[in-house]
Amino acid sequence: MTDEYANPWLYRLKWLYMLLLVVTLMSPVLYVMYISFNANGFGARAYDFTFEWYRLVFSDTLLLNALRWTLTLAVVVTCITVPFAVLAAKYYKTAQNKLPIVFLLLAPLFVPPDILGSALLVYFKSLNASFIWLGDQLGTSMFDGWFRLSFFTAVIGLIIYTIPYAFIVVLITMGRYRTEQTEAARACGADGWRAFWDIEFPQIRAGVFSACSFCVILVFNEYTRTSLLKGGFDTFTTVLISQMLNTGMSPQSYAMSSMVAFTAIAIIGSIIIFTLIRTESLSRLARAKAEPVMSS
Amino acid sequence: MSETTIATDKAPAVEVKNLSKHYGPVKALRNVDLTIAAGEYFVLLGPSGGGKTTLLRTIGGFHKPTEGQVLLHGRDMSHLPPDKRPTTMVFQAYALFPHMTVLQNVSYGLKVAGIDRKQAEEKAAAMMDVVGLSGFAERKPHELSGGQQQRVQLARALVLDRDILLLDEPLAALDAQLRKDMCLELKHLQEKVGITFIHVTHNQEEAMTVADRIALVADGNLVEHGKARDIYRAPVKKFTASFVGENNMLSGRVSDVNGVSCTVDVAGSQLVVQKRGQQVAHGQPVDLSIRSELVQLSRANGSNNAGDGHSILGSYDEAVYLGLTTSHLVRLPNGVEMTSRTISDAVDDLPTPGDPVRLHWQPEAIRLHTS
Amino acid sequence: MASLTTNSPGGAARSAGETSAVWRERVGRWIFYLPLAFMVVFFAVPMALTVVFSFFERTMFWMEPAFTLFSYNNFFFSARLENFLTSMKYSALAVVICFIFGFPIAVFIRRSIPQVAQHRVILLFILPFMVSEIIRVFALRPVLQRNGLVNTTLMDWGLIDEPITSLLYTHTGVVIGEVLSFLPFIVFAGFLAMEAVPKFIFEVCDDLGVGHRRRFTDVILPLAAPGIFAGAVFIFVNGLGVALLPNILGGPGAVNAGLIATQAITALDFPLAMAVSAIMMATLMGLLYIGHRLFDLTKILTPLN
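Chains as they are written, first to last, in the numbering used here: chain A, 1 to 296; chain B, 1 to 371; chain C, 1 to 305.
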């Protein structure tokens with residue numbers, strides 16, 4: 001692929017520059033990991049390696065509680081966002097006018113977190129007020145609290161946040177199958193649902209799983225929208241921020257952050273390695289099987 | 001196939017009534033009426049973008065008609081999705097399931113129908129023998145050649161025992177020689193299985209090879225339909241004449257009408273042509289067509305006499321050698337080019353460019369088109 | 001063939017499931033509108049309503065319907081406007097720095113790395129996002145502060161005698177934070193954009209003897225413009241809207257739109273927050289509109305079709 005006349009050293013230099021940039025971008029993360037193993041905590045001159053903080057995480061009820069909420073949030077959001085993204089991407093593939101779809105699904109990417117958070121906060125507050133008013137008019141209280149800030153509103157905010165990423169990832173993998181394949185399945189007697197599971201899903205599975213892991217990771221790390229829209233519970237990041245702004249982060253929090261980072265990096269790493277092995281084995285299989293083909 | 005058609009023996013396989021399909025302002029099909037008999041090999045022929053694929057896909061249930069009906073075996077099925085119709089389809093290309101082996105591809109429809117695996121695989125293997133794919137069962141689609149892939153598609157469709165097979169440009173992605181071979185195979189396969197084949201193509205040679213009947217579709221309209229031979233030999237519409245075969249198209253004005261024939265003035269020559277039931281009036285602009293292999297070339301023998309009404313004068317332009325045949329291009333006084341096609345080397349004394357020549361033909365060879 | 005016949009089409013057995021199939025088909029089509037409806041109700045409408053709410057009158061804890069320009073007055077005739085414009089300037093600077101450092105990488109990946117490996121190399125740039133932005137931004141403090149990593153290293157190397165104090169709690173700090181947070185996005189956008197530049201273009205340029213600089217300005221830039229523009233708008237708008245950055249890294253005067261909005265929310269001045277949101281949305285829409293007129297932004301997604 002590389003130019004045969006190009007200077008190999010220049011090529012290596014470019015690689016080096018790229019990796020250096022990645023490391024620079026990663027440096028805060030690596031720094032947090034480094035601190036999390038220090039028995040003396042953040043800012044100390046001395047460095048004593050320890051796993052102590054990791055052990056303490058599991059006795060820190062504040063963090064554990066937050067972690068539970070965050071996990072629930074992540075799972076619920078993923079379960080809604082990814083099917084939505086698949087539906088939207090499928091619709092995008094066949095739609096005549098693609099502009100509204102692209103606009104609606106990608107625009108949240110461009111709206112800064114604080115702006116989206118405030119707009120939704122005020123929207124939910126006024127929806128709540130309107131529903132209560134409506135309930136009063138009808139003499140019922142069944143509408144009360146539908147849109148009071150709660151787990152539910154946080155889920156909505158996070159779906160809006162994660163859907164562009166899931167949409168793009170799914171759409172990229174959807175380029176793999178052609179509509180003719182689905183139509184062929186229909187012509188073979190499969191209904192739309194069956195054709196999706198038998199023909200389309202096996203081919204976009206990798207994309208769907210990547211979209212799921214992205215969603216979980218994004219929800220885990222999101223602060224602004226969650227903190228504005230959540231009800232009376234704490235998530236992992238809101239705990240961190242309140243610690244930072246008040247007492248400074250506890251060593252357990254560094255350990256917790258590192259654990260999240262390790263998990264996330266492991267997920268991405270396994271995606272890279274998995275696809276690498278898969279393409280490699282596929283091409284080997286193809287080479288082995290593609291013996292001289294008999295005349296057609 | 002016997003018991004499948006008992007109840008519906010009298011109804012034609014496909015009846016399309018007043019069918020229109022619009023995409024916004026684009027009218028892909030306009031008021032198409034068409035009847036296809038059971039057991040027929042029917043070809044939809046026409047230029048790309050003319051609506052023939054849209055027609056086929058509407059019959060198959062992949063498009064919903066904007067107006068009109070699709071009747072299959074006498075039942076209105078316009079509202080049904082593809083999987084509930086007695087049709088199945090072979091696509092142009094890329095339609096195999098890439099994550100399944102050939103055997104899994106072919107038996108997929110049977111699996112969906114709930115037939116048990118062993119029976120389905122036996123049946124699929126039998127069908128693979130029919131289309132000449134024995135020994136390929138465990139291959140993946142990407143390990144097959146284009147021709148083999150289309151065979152898999154055929155097997156996958158035929159194994160379902162549906163009684164209408166739709167083929168959407170099935171040979172378009174193959175190279176010329178393979179296309180010829182597979183054309184003939186398709187024809188024989190259809191004779192063997194006896195079900196209705198509806199085949200879309202833009203290639204007239206392909207159409208002529210396989211078709212019992214041909215319909216020409218252009219610009220969203222069904223232009224003309226009839227037996228393959230009739231479409232070639234006796235086109236009624238001007239479009240048919242210009243699209244099928246290598247026809248010389250001449251335009252002129254009617255200068256005389258008498259009984260069964262009329263005289264048309266083309267570039268100063270008076271040409272006599274049979275009306276064949278068409279109404280013409282004096283002075284009306286009309287078109288004439290004549291196939292190039294029916295035009296004979298001879299040197300103009302001195303006289304500039306326009307002659308007997310079955311010949312025209314022009315100047316020789318050039319000869320194009322095509323192997324089996326040679327096309328002689330002749331320029332008429334009004335600038336139009338006419339072609340006379342002969343078996344190569346049949347004429348040894350070729351005129352040189354610029355020589356005056358006479359083109360002549362049998363009286364019934366030339367045809368009149370008023371639309 | 002007769003021996004193969006099993007299920008007969010067109011018979012009574014087939015028609016049994018037809019009505020339900022038609023019904024399912026119809027419902028199936030509506031399901032595709034669900035995500036779009038969701039996005040309209042919980043994204044498009046709330047964003048549009050910010051304009052309406054921004055004209056409301058502030059009450060003690062909430063707001064009431066009215067038509068007043070008080071909030072806009074509050075924004076445009078105060079230090080807020082100045083802060084907003086300053087943050088615009090520095091956000092634009094961050095865009096330029098991101099482009100200079102990031103875009104060549106997108107070109108390099110597209111051009112010199114084998115097709116199958118390209119997406120994996122891109123994944124490398126996703127790694128930093130695996131850690132919460134607040135941690136990444138917060139961890140910049142010990143790196144940039146007076147006796148932080150950068151200053152000590154530079155002093156150890158003897159490049160400076162005095163520690164640089166302007167790295168943190170200043171506009172510089174915010175710009176550094178923006179660059180480190182958003183640089184991957186110009187790589188992603190550039191990567192998508194370079195899809196519009198076919199590989200043979202490089203060979204054609206070599207063949208015609210076009211120099212590297214001409215090749216970049218005459219061929220690559222125009223072709224990749226829609227993607228670059230989208231990436232640039234993303235960074236610019238987020239530089240204006242992410243409150244976290246000036247909050248943690250900025251000093252006096254480093255207040256962007258996002259911070260104004262969250263401060264207004266904390267002060268229960270909801271109409272002001274909505275006015276800021278509306279102004280931000282107007283800025284975003286304006287930029288996207290200009291971009292769309294100039295480059296046709298739908299082209300960005302054509303590689304995905």
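Because the hints were derived from the structure by calculation, they are not lab data. For clarity, every value in this text was computed on a predicted model and none was experimentally measured. The C-beta atom is built at its ideal place from N, Cα and C for all residues, glycine as well. Check each hint, because a few of them may be wrong.
If you want the ones that stay clear, here's a sample from chain C, every Cβ over 10 Å from chain B, calculated [said to hold, decoys possible]: (1) Phe-188; (2) Gly-251; (3) His-292.
Heads up, simulated EDC-like pairs for lysine to aspartate or glutamate below, C-alpha to C-alpha not over 20 Å straight-line [to be verified]: (4) B:Lys-111 <-> A:Asp-60; (5) A:Lys-125 <-> C:Glu-64; (6) A:Lys-93 <-> C:Glu-195; (7) A:Lys-90 <-> C:Glu-64.
Each hint, compared with the structure:
no.	hint	result
1	Phe-188	28 Å, holds
2	Gly-251	57 Å, holds
3	His-292	22 Å, holds
4	B:Lys-111 <-> A:Asp-60	54 Å, violated
5	A:Lys-125 <-> C:Glu-64	12 Å, holds
6	A:Lys-93 <-> C:Glu-195	19 Å, holds
7	A:Lys-90 <-> C:Glu-64	42 Å, violated
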